[in-house]
Amino acid sequence: MIDEPFDVVVVGGGVVGCAVARLLSRRELQIALLEAKADVGAGTSKANTAILHTGFDAVPGSAEARLVARGYELLHAYAPSAGISVEATGAVLVAWDDEQAANLPTIAAKAAANGYTAARLLDATEVRELEPHLGAGVTGGMLVPGEHLIDPWATSLAFAEEAVANGCVVLANRHVTECEVGAELTVLRTGDGEEVRTRFVVNAAGLYGDELHRRFGFDGFTVRPRRGELIVFDKLARPLLGRTILPVPTALTKGVLVAPTVFGNVMLGPTADDIDDRTATGSTRAGIDALLQKGRRILPALLDEEVTAVYAGLRAATEHSDYQLTASAAARYVCLGGIRSTGLTASMALAEEALMLLEQSGLVAPPTPDDRLVGVHRTPLGEAGERPYQRGGRIVCHCERVTGDEIAAACSGALPAHDIDGLRRRTRAVAGRCQGFHCIGEVCALAAATDGRTMAEWLGTP
Amino acid sequence: MAGHAVSGDRVVVVGGGPAGLSAAIELRIRGVRHVTVVEREQQAGGVPRYTAHFGYGWRDLRRLTTGPRYAAALVEHALHHGVELRTGSTVTGFGFPSADATTVELATESGPEELRAAAVVLATGVRERPRSARLVPGDRPAGVYTTGSLQQLVVLHHQRVGTRAVVVGAEHVSFSAVLTLAHAGCSVAAMVTPLPQHQTYRALALATAGRRRVPVRTEVDVAEIVGHRRVEAVVLTDGTRIDCDTVVFTGGWVPEYELARRAGLAMTPGAKGPMVDAALHTGQRGLFAIGNLVHPAETADVCALDGRDVARSVLDWLTLHQWPDAIEPIEVEAPVAWATYHSRGITLRVDEFVHGRLRLTHGGEVQWISTPQTWVPNRSITIRSGEMRTTSRPFADHRLRLDVLR
Numbered sequence: 017m018i019d020e021p022f023d024v025v026v027v028g029g030g031v032v033g034c035a036v037a038r039l040l041s042r043r044e045l046q047i048a049l050l051e052a053k054a055d056v057g058a059g060t061s062k063a064n065t066a067i068l069h070t071g072f073d074a075v076p077g078s079a080e081a082r083l084v085a086r087g088y089e090l091l092h093a094y095a096p097s098a099g100i101s102v103e104a105t106g107a108v109l110v111a112w113d114d115e116q117a118a119n120l121p122t123i124a125a126k127a128a129a130n131g132y133t134a135a136r137l138l139d140a141t142e143v144r145e146l147e148p149h150l151g152a153g154v155t156g157g158m159l160v161p162g163e164h165l166i167d168p169w170a171t172s173l174a175f176a177e178e179a180v181a182n183g184c185v186v187l188a189n190r191h192v193t194e195c196e197v198g199a200e201l202t203v204l205r206t207g208d209g210e211e212v213r214t215r216f217v218v219n220a221a222g223l224y225g226d227e228l229h230r231r232f233g234f235d236g237f238t239v240r241p242r243r244g245e246l247i248v249f250d251k252l253a254r255p256l257l258g259r260t261i262l263p264v265p266t267a268l269t270k271g272v273l274v275a276p277t278v279f280g281n282v283m284l285g286p287t288a289d290d291i292d293d294r295t296a297t298g299s300t301r302a303g304i305d306a307l308l309q310k311g312r313r314i315l316p317a318l319l320d321e322e323v324t325a326v327y328a329g330l331r332a333a334t335e336h337s338d339y340q341l342t343a344s345a346a347a348r349y350v351c352l353g354g355i356r357s358t359g360l361t362a363s364m365a366l367a368e369e370a371l372m373l374l375e376q377s378g379l380v381a382p383p384t385p386d387d388r389l390v391g392v393h394r395t396p397l398g399e400a401g402e403r404p405y406q407r408g409g410r411i412v413c414h415c416e417r418v419t420g421d422e423i424a425a426a427c428s429g430a431l432p433a434h435d436i437d438g439l440r441r442r443t444r445a446v447a448g449r450c451q452g453f454h455c456i457g458e459v460c461a462l463a464a465a466t467d468g469r470t471m472a473e474w475l476g477t478p
Numbered sequence: 150m151a152g153h154a155v156s157g158d159r160v161v162v163v164g165g166g167p168a169g170l171s172a173a174i175e176l177r178i179r180g181v182r183h184v185t186v187v188e189r190e191q192q193a194g195g196v197p198r199y200t201a202h203f204g205y206g207w208r209d210l211r212r213l214t215t216g217p218r219y220a221a222a223l224v225e226h227a228l229h230h231g232v233e234l235r236t237g238s239t240v241t242g243f244g245f246p247s248a249d250a251t252t253v254e255l256a257t258e259s260g261p262e263e264l265r266a267a268a269v270v271l272a273t274g275v276r277e278r279p280r281s282a283r284l285v286p287g288d289r290p291a292g293v294y295t296t297g298s299l300q301q302l303v304v305l306h307h308q309r310v311g312t313r314a315v316v317v318g319a320e321h322v323s324f325s326a327v328l329t330l331a332h333a334g335c336s337v338a339a340m341v342t343p344l345p346q347h348q349t350y351r352a353l354a355l356a357t358a359g360r361r362r363v364p365v366r367t368e369v370d371v372a373e374i375v376g377h378r379r380v381e382a383v384v385l386t387d388g389t390r391i392d393c394d395t396v397v398f399t400g401g402w403v404p405e406y407e408l409a410r411r412a413g414l415a416m417t418p419g420a421k422g423p424m425v426d427a428a429l430h431t432g433q434r435g436l437f438a439i440g441n442l443v444h445p446a447e448t449a450d451v452c453a454l455d456g457r458d459v460a461r462s463v464l465d466w467l468t469l470h471q472w473p474d475a476i477e478p479i480e481v482e483a484p485v486a487w488a489t490y491h492s493r494g495i496t497l498r499v500d501e502f503v504h505g506r507l508r509l510t511h512g513g514e515v516q517w518i519s520t521p522q523t524w525v526p527n528r529s530i531t532i533r534s535g536e537m538r539t540t541s542r543p544f545a546d547h548r549l550r551l552d553v554l555r
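In order, the protein sequences belong to chains A and B. Residues 17 to 478, numbered by my numbering, are exactly what the first sequence covers, in order. Residues 150 to 555, numbered by my numbering, are exactly what the second sequence covers, in order.
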């Protein structure tokens with residue numbers, strides 16, 4: 017039983033929920049973060065295209081456009097001190113036929129309407145000079161120098177770790193199944209019958225945001241998961257491109273892109289399939305084949321390289337194109353719904369938005385004095401910066417060159433990893449081309465020795 | 150960089166598996182003063198360290214032993230012969246400051262270090278293609294292994310892995326996985342291969358899978374892995390569902406080519422390892438390549454013979470400073486998947502069962518031709534250099550070419 021009535025409970029430990037928890041933890045408030053899974057950032061947020069967007073192609077005037085632009089500035093400023101790897105590669109939008117090329121000036125105008133003025137139109141020759149490995153048939157392009165790569169896993173973790181360091185309680189493995197809004201307190205009941213009492217609630221439940229919204233008696237949006245499958249190629253593919261290669265967007269999605277990752281790999285994806293099952297995070301034959309076909313056209317030599325990982329994520333798409341941000345003073349409730357892949361970039365701005373809506377709904381949130389605030393300083397995992405092994409240490413995961421100290425650190429502390437997947441997001445261990453062929457035994461033994469659980473528990477052996 | 154130790158003239162061997170250790174031992178026997186083996190694991194010995202069954206040492210040590218004993222014997226010989234073993238150190242790259250010297254960049258427990266080498270032997274080995282690289286759809290539940298990861302957990306860490314497994318592949322190593330699973334108390338529901346029959350020796354198949362009544366499902370592949378947190382089943386391409394909590398992907402060998410590629414070496418198409426000539430020179434002066442990095446994958450003893458034989462080429466280089474102008478690929482025609490030199494001739498693979506006469510030609514002239522027989526995919530096929538009409542001297546105008554006369 018948790019008998020503490022909290023001032024605010026944030027439901028959902030994805031990147032948005034973690035950002036909200038972080039910001040609220042910097043106020044004189046009792047905060048809890050409720051997460052249905054065992055770890056933060058383990059749902060939609062872990063299967064992201066990992067791009068820090070300028071928001072150049074958002075719908076002008078939308079909440080998304082405003083918050084992506086603001087979030088870009090905030091996260092860009094926050095990342096270096098928190099140890100979130102960011103790489104300034106830029107992006108090039110590539111047109112593959114005359115119709116797409118003809119559409120580029122409109123996109124440039126849209127970027128300008130969004131306040132992004134650094135975009136520059138390119139002819140086919142200029143595009144090819146920038147990206148000589150592109151396939152045949154380029155008709156033109158647009159350079160977006162401000163698009164960055166970011167470590168999406170470290171972002172959620174840094175927010176959550178900072179929140180915890182400043183007093184936020186993380187309650188994992190708790191899926192909210194019932195809500196009871198009383199005169200003073202709201203009672204949230206979780207799957208195992210536990211109750212969490214709080215004055216205010218922030219709904220950052222992502223894929224399940226509409227269900228929670230209805231439990232509070234509201235309506236207005238329904239989540240229809242949009243599955244995005246991604247293929248990550250070997251690091252030896254990295255020299256094939258200098259920057260993110262974006263397609264000319266369509267009404268449905270930004271389309272399939274080819275992007276470097278901060279870890280030095282190359283990512284191809286995502287697909288965009290509207291599905292009904294909110295747990296269908298598996299990749300599909302059709303999705304993989306479609307990506308390979310598109311990849312072959314965009315960057316033919318990419319297909320000669322080995323694949324390191326294939327995965328699928330579900331974006332919390334709704335019937336609306338924009339974010340669904342609402343508040344109710346009567347229910348002491350704020351909803352951050354319908355946040356799709358831009359949520360990573362917008363996360364810190366969405367946190368500001370949530371705080372503003374909470375205050376408008378009656379929350380008094382005096383700032384904690386600076387001298388009592390604790391910052392978080394993670395070891396950056398990006399390939400462009402210095403890695404711990406370069407200063408010495410015993411390398412345990414060889415493909416990604418992860419040291420034993422890094423693995424031990426990730427298995428202890430305030431938000432430790434509980435399984436190999438969590439360890440992978442915290443350290444890159446087992447995330448490389450061999451997927452554990454060389455190192456799974458050592459990595460797992462070290463993890464078990466650090467937290468005292470068995471290797472079987474770490475491996476999920478029945 | 151500050152703080153680097155710079156060492157004198159020596160031969161550096163990258164990788165302390167059977168090939169690398171054997172090369173180092175032979176170099177010492179032939180009088181090279183400084184031979185350093187750099188091994189990134191804490192223990193040298195390579196993959197045989199965790200393959201706890203017989204089948205090792207026949208061609209090199211002239212006795213049959215188990216993987217761990219074989220690995221230990223090689224390490225012992227290396228130390229006995231005065232090889233410097235640098236375990237727990239990773240080679241991160243090379244520099245080529247002059248035509249006759251190579252610098253080897255290391256990441257060690259105490260920090261970066263640089264070794265100067267008169268010759269470098271690459272013996273970085275091989276891995277199995279994991280599930281992701283095979284593009285098998287489905288979620289990413291726990292319980293998916295390669296033979297390598299399975300054997301590490303079972304042999305080195307005494308783990309159980311599951312209760313009922315599907316083994317993907319039916320080549321030599323797949324049957325090794327069956328043995329390991331049995332040892333770990335995990336039954337095998339089926340072995341699965343897209344080919345029309347298994348690709349190992351009949352006796353080996355009978356002694357492993359046959360004895361345990363493991364069905365070998367042929368002409369099907371894994372279409373999907375079912376399960377969210379833990380594997381629940383696999384679905385095959387013919388629609389069959391096999392309930393299991395463990396899947397082991399076997400074979401599908403890929404050389405550990407990162408260092409070779411970053412050094413700019415040309416790769417053998419299909420094999421994906423660095424191209425070498427018959428003396429195991431690569432395209433970069435001073436850099437040799439041996440073992441399963443070059444031919445994915447031969448048995449450990451074949452790799453060890455590579456190691457022994459490269460020593461002579463290294464000594465020639467150290468004394469004569471001559472390097473071939475070009476390293477030529479051996480051209481192949483389907484169903485030959487790839488062909489490369491190893492120390493005792495040419496090794497190749499076919500990618501389907503094919504009956505016919507295997508033929509090696511040069512400019513239309515037949516260098517070697519086999520009797521008609523059935524060639525088995527995923528199994529080593531070797532043409533010994535003594536059997537060829539011409540050995541592998543550089544040919545003026547044409548490349549060697551391999552095909553099958555059906």
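Errors might be hidden in some of the hints.
Claimed, not checked - Distance ranges between label pairs, derived from CB positions:
{"#": "1", "chain 1": "A", "residue 1": "265", "chain 2": "B", "residue 2": "362", "range": "53 to 59 Å"}
{"#": "2", "chain 1": "A", "residue 1": "115", "chain 2": "B", "residue 2": "390", "range": "41 to 47 Å"}
{"#": "3", "chain 1": "B", "residue 1": "387", "chain 2": "A", "residue 2": "407", "range": "50 to 56 Å"}
{"#": "4", "chain 1": "B", "residue 1": "501", "chain 2": "A", "residue 2": "309", "range": "21 to 27 Å"}
{"#": "5", "chain 1": "B", "residue 1": "244", "chain 2": "A", "residue 2": "338", "range": "43 to 49 Å"}
{"#": "6", "chain 1": "B", "residue 1": "381", "chain 2": "A", "residue 2": "309", "range": "53 to 59 Å"}
{"#": "7", "chain 1": "A", "residue 1": "309", "chain 2": "B", "residue 2": "531", "range": "57 to 63 Å"}
Because the hints were derived from the structure by calculation, they are not lab data. All C-beta atoms in this analysis are idealised placements derived from N, C-alpha and C, irrespective of residue type, glycine included.
Quick rundown of the hints versus the structure:
| no. | hint | in the structure |
| --- | --- | --- |
| 1 | A:265 with B:362: 53 to 59 Å | holds, 56 Å |
| 2 | A:115 with B:390: 41 to 47 Å | holds, 45 Å |
| 3 | B:387 with A:407: 50 to 56 Å | holds, 53 Å |
| 4 | B:501 with A:309: 21 to 27 Å | holds, 25 Å |
| 5 | B:244 with A:338: 43 to 49 Å | violated, 54 Å |
| 6 | B:381 with A:309: 53 to 59 Å | violated, 30 Å |
| 7 | A:309 with B:531: 57 to 63 Å | violated, 38 Å |
Checked against the numbered hints above, the structure breaks hints 5, 6, 7 and satisfies the rest.
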